[in-house]
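Participant: Build the full structure now, drawing on both the sequences and the hints.
Protein chains in written order, with this note's numbering: chain E, 1 to 353; chain U, 354 to 732; chain B, 733 to 834.
Simulated from the structure, these hints should not be mistaken for lab results.
Warning: the hint list may mix true and false statements.
What the hints assert, rightly or not - When the alpha-carbon atoms are kept at most 30 Å apart in a straight line, the in silico DSSO-like pairs for lysine-lysine are as follows:
#1 U:Lys372 <-> U:Lys386
#2 U:Lys647 <-> U:Lys466
#3 U:Lys372 <-> B:Lys800
#4 U:Lys355 <-> B:Lys800
#5 E:Lys156 <-> U:Lys466
#6 E:Lys156 <-> E:Lys30
#7 E:Lys271 <-> U:Lys408
#8 U:Lys660 <-> U:Lys460
#9 E:Lys271 <-> B:Lys800
#10 U:Lys408 <-> B:Lys800
#11 U:Lys386 <-> U:Lys689
#12 E:Lys271 <-> U:Lys355
#13 U:Lys408 <-> U:Lys372
#14 E:Lys17 <-> E:Lys30
#15 E:Lys147 <-> U:Lys466
#16 U:Lys372 <-> U:Lys355
#17 U:Lys408 <-> U:Lys355
The primary structure of each chain is shown beneath.
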Amino acid sequence: MTLQSGLATARAGRKLKADTITLAHGGGGKAMRDLIEDVFTSVFEPADMEDQARLTDAALREDGATLAFTTDSFVVDPIEFPGGDIGKIAVCGTVNDLAVGGAKPLWLSAAFIIEEGVEISLLRRVVASMRAAADEAGVRIVTGDTKVVGRGSADKLFVTTSGVGVIPAGRDLAARNVRPGDVAIVNGVLGDHGAAILAARGDMALSAEIESDCRPLNALMEAVIAVAPDVRCARDATRGGLASALNEIADAAGIGIEIDEAGIPLRAEVKGVCEILGLDPLYLANEGTLVLFAPPEKVDAVLAAMRSTPAGRDATIIGKAVDSHPRIVVMQTLFGGGRIVDMLVGEQLPRIC
Amino acid sequence: MKYADEFRDPVAARGLLAKIEAITDAIGATADKPLHIMEICGGHTHAIFRYGLDKLTPPGIEFIHGPGCPVCVLPMSRVDECVQIAEQPGVILCTFGDAMRVPGTRKSLMQAKADGCDIRMVYSPLDALELARRNPAREVVFFGLGFETTTPSTAFSIQQAASEGLENFTVFCNHITVPPPIKALLDDPEMRLDGFVGPGHVSMVIGVRPYDFIARDYGKPIVVAGFEPLDLLQSVLMVLEQIRDGRAEVENQYARVVPDEGNPASIAACDDVYEKRDRFEWRGLGEIDASGLKIREKYAAFDAERKFGIGYGASGRSVEEPEGCRCGDVMTGRIKPLQCPQFGAGCTPETPLGALMVSSEGACAAYYQYGGARLEAAQ
Amino acid sequence: MCLGIPGLIVEISDADRKLAVVDVSGVRREVNVAPIIEDDAMEDLVGVWTLVHVGFAMSRIDEEEAAKTLEVLRMFGEAQEEIDAMMASEAMLAGDTPEAAE
Chain E
1 MTLQSGLATA RAGRKLKADT ITLAHGGGGK AMRDLIEDVF TSVFEPADME DQARLTDAAL
61 REDGATLAFT TDSFVVDPIE FPGGDIGKIA VCGTVNDLAV GGAKPLWLSA AFIIEEGVEI
121 SLLRRVVASM RAAADEAGVR IVTGDTKVVG RGSADKLFVT TSGVGVIPAG RDLAARNVRP
181 GDVAIVNGVL GDHGAAILAA RGDMALSAEI ESDCRPLNAL MEAVIAVAPD VRCARDATRG
241 GLASALNEIA DAAGIGIEID EAGIPLRAEV KGVCEILGLD PLYLANEGTL VLFAPPEKVD
301 AVLAAMRSTP AGRDATIIGK AVDSHPRIVV MQTLFGGGRI VDMLVGEQLP RIC
Chain U
354 MKYADEFRDP VAARGLLAKI EAITDAIGAT ADKPLHIMEI CGGHTHAIFR YGLDKLTPPG
414 IEFIHGPGCP VCVLPMSRVD ECVQIAEQPG VILCTFGDAM RVPGTRKSLM QAKADGCDIR
474 MVYSPLDALE LARRNPAREV VFFGLGFETT TPSTAFSIQQ AASEGLENFT VFCNHITVPP
534 PIKALLDDPE MRLDGFVGPG HVSMVIGVRP YDFIARDYGK PIVVAGFEPL DLLQSVLMVL
594 EQIRDGRAEV ENQYARVVPD EGNPASIAAC DDVYEKRDRF EWRGLGEIDA SGLKIREKYA
654 AFDAERKFGI GYGASGRSVE EPEGCRCGDV MTGRIKPLQC PQFGAGCTPE TPLGALMVSS
714 EGACAAYYQY GGARLEAAQ
Chain B
733 MCLGIPGLIV EISDADRKLA VVDVSGVRRE VNVAPIIEDD AMEDLVGVWT LVHVGFAMSR
793 IDEEEAAKTL EVLRMFGEAQ EEIDAMMASE AMLAGDTPEA AE
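Facilitator: What follows is the structure, given as structure tokens:
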């Protein structure tokens, strides 16, 4: 049952009385209606009341405009962590997937798989943070769905968001556009999200004041494209971190990439977590950090544009595309030695040796 | 980071490298007739590749990557036995992340976890102790592995468990010691090593005297080294100076962390908790006399081998290495990783065939991950 | 082998179990200090730099020895800087190269 149809039958004012989710909240009856109305639609305020979202936007009708559509599922443990929660990631992640391709994100769907026993108060916090993130990004959550599963069938809460946006005519951001000489720029420090989650999870009993970088990047991308319509491509460095994003780009463009160890921006605490657990920060996940490639003559303008936005204040150059060693990412170490930065093999595990 | 960043200064590194080059020339070592310097410790192997030191040192110096990666040398039969313990009802198996991917003959711990075993990655044996306290109805087993650096932490944890009277905490002990395999390597008639970079963190526990035999009996220089790039370069320089001067001594570059006598409290705890096994298998090297530790009778209640009846060798003779795997030859310096026919073909970090591809500390994994070969091929 | 990280002991968390808190670059973790207590009282360990491995303070870092090693390394750095400066001035003196004349 969709959020809309729930809302269509359940008029305003319904209040959910329970404290925790039970299977009844997924049963299609009154409990579910109350859940949808009170927890979800009252916050998301989808405009339309039919069984599907009906969308129109002037940007869609522009000549040469392309529709951009993306989907992503979010699972994170813990659900809430310093700097965000699963809801904020679910909105930012999908907004950013659209934004890095040059699209203006417009609408999102949100589907929730909820394990019975989850506290309603937690759901409310997650939903509120989704709304706040959507507002910050200037997108609407226009449709959705909820399912409840038995204890043990899911880990508290899984969220899937799909996003629709419009790529205006003439924009072509793609990894294949990157050519030797182009400059690689990141919008801020790396690895905050991965390190914050590791610390928040508690398995390693580390305490550190690190917040996830989770944030929407569409305003930053618009600022960049405004000064450099020929920016080659951008990737948000989520799972697998910067190393994976760079390897994907090198592979797609058939170019080599050289980065400079001294230029990789890292917070001291993130370095600390990495030193203790033997992790490489280049592979730590980010949720609001991207790498983009700009033609060399636009670098100053792009940096200035990025730094003028909240998400880009710490923008900095990290490297460049080269014609030697195609499809391989190489990092110049502090001593001028070079080493390959490969794709991550499996999952990065903490090590003692 | 204090005591780390100061030892990463690139200008001093260039100064050291210039001196290293001059002495290498003075000794007359060349790419065709290189000096073979073994860094015993996998942490040093990792640092050499992470900082690209292998490419910065002159071609007259060849690093031979030693057996000091406890994960790499862990025999498959022991992984099998560990999986067997993890499969017992009620067991929570705690392990360092390093061991998760090491293949057994049946499966790795990672696969065992996926198959339903309760396997938890921990940072410290202290975390395993805490799990035992919090789960009195469960049987918490700590997968103890590592060299002398790690050995005391397990010993202290067993002593702590004993003093608290914990009845649901045991250790599956796979601790091993550094000097025996070094002696085995030096006794190998084909061995051509000119000097050693000694393991810094092992030495902070055992001190520098256990290496005396290397200088005294075999006439080889050894310099105990720290793990920052300048530490390593300075240690290589100190080894070269010994070679140039015709000396063979045990020197300590890492004196800020390594006292000559080691750490008495740790040595005492280890003496209290462990005794030597007659022999222990090293993957790629075979069985080595008196190279492994087991838990003394006194602490039998904390010994997973006794509690579960899964002893060393209980799963039969040592397991054959996969066909074509030449890890043993790499570890003894007979061939370089790239000369192994399986390297990058049948054996990659995704699907490791041999010990040295298993952990990022293993020489082959380091070559593959950071390594020059693919880069040179691409250029 | 054996990842070890310098950390500063900032607090004693459980004297009976010999537990203290170390700070590594702003990241804190409880560690066992049994290896480094020697004859000191637990509270005297606050402010001590230690080498941390798998949750144990395995060795005290000897500031004097660290300074000695750094002094040697610094000399290599300074010597290199002099060489760099010499080479830079040589390059400048050789300014009448064809390239510079163009």
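Participant: If a hint holds in the structure, say so; if it does not, say that too.
Facilitator: Hints versus structure:
no., hint, result
1, U:Lys372 <-> U:Lys386, "holds, 19 Å"
2, U:Lys647 <-> U:Lys466, "holds, 26 Å"
3, U:Lys372 <-> B:Lys800, "holds, 19 Å"
4, U:Lys355 <-> B:Lys800, "holds, 15 Å"
5, E:Lys156 <-> U:Lys466, "holds, 20 Å"
6, E:Lys156 <-> E:Lys30, "holds, 22 Å"
7, E:Lys271 <-> U:Lys408, "holds, 25 Å"
8, U:Lys660 <-> U:Lys460, "holds, 22 Å"
9, E:Lys271 <-> B:Lys800, "holds, 26 Å"
10, U:Lys408 <-> B:Lys800, "holds, 28 Å"
11, U:Lys386 <-> U:Lys689, "holds, 15 Å"
12, E:Lys271 <-> U:Lys355, "holds, 12 Å"
13, U:Lys408 <-> U:Lys372, "holds, 16 Å"
14, E:Lys17 <-> E:Lys30, "holds, 11 Å"
15, E:Lys147 <-> U:Lys466, "holds, 28 Å"
16, U:Lys372 <-> U:Lys355, "holds, 26 Å"
17, U:Lys408 <-> U:Lys355, "holds, 27 Å"
The structure meets every hint from the earlier list without exception.
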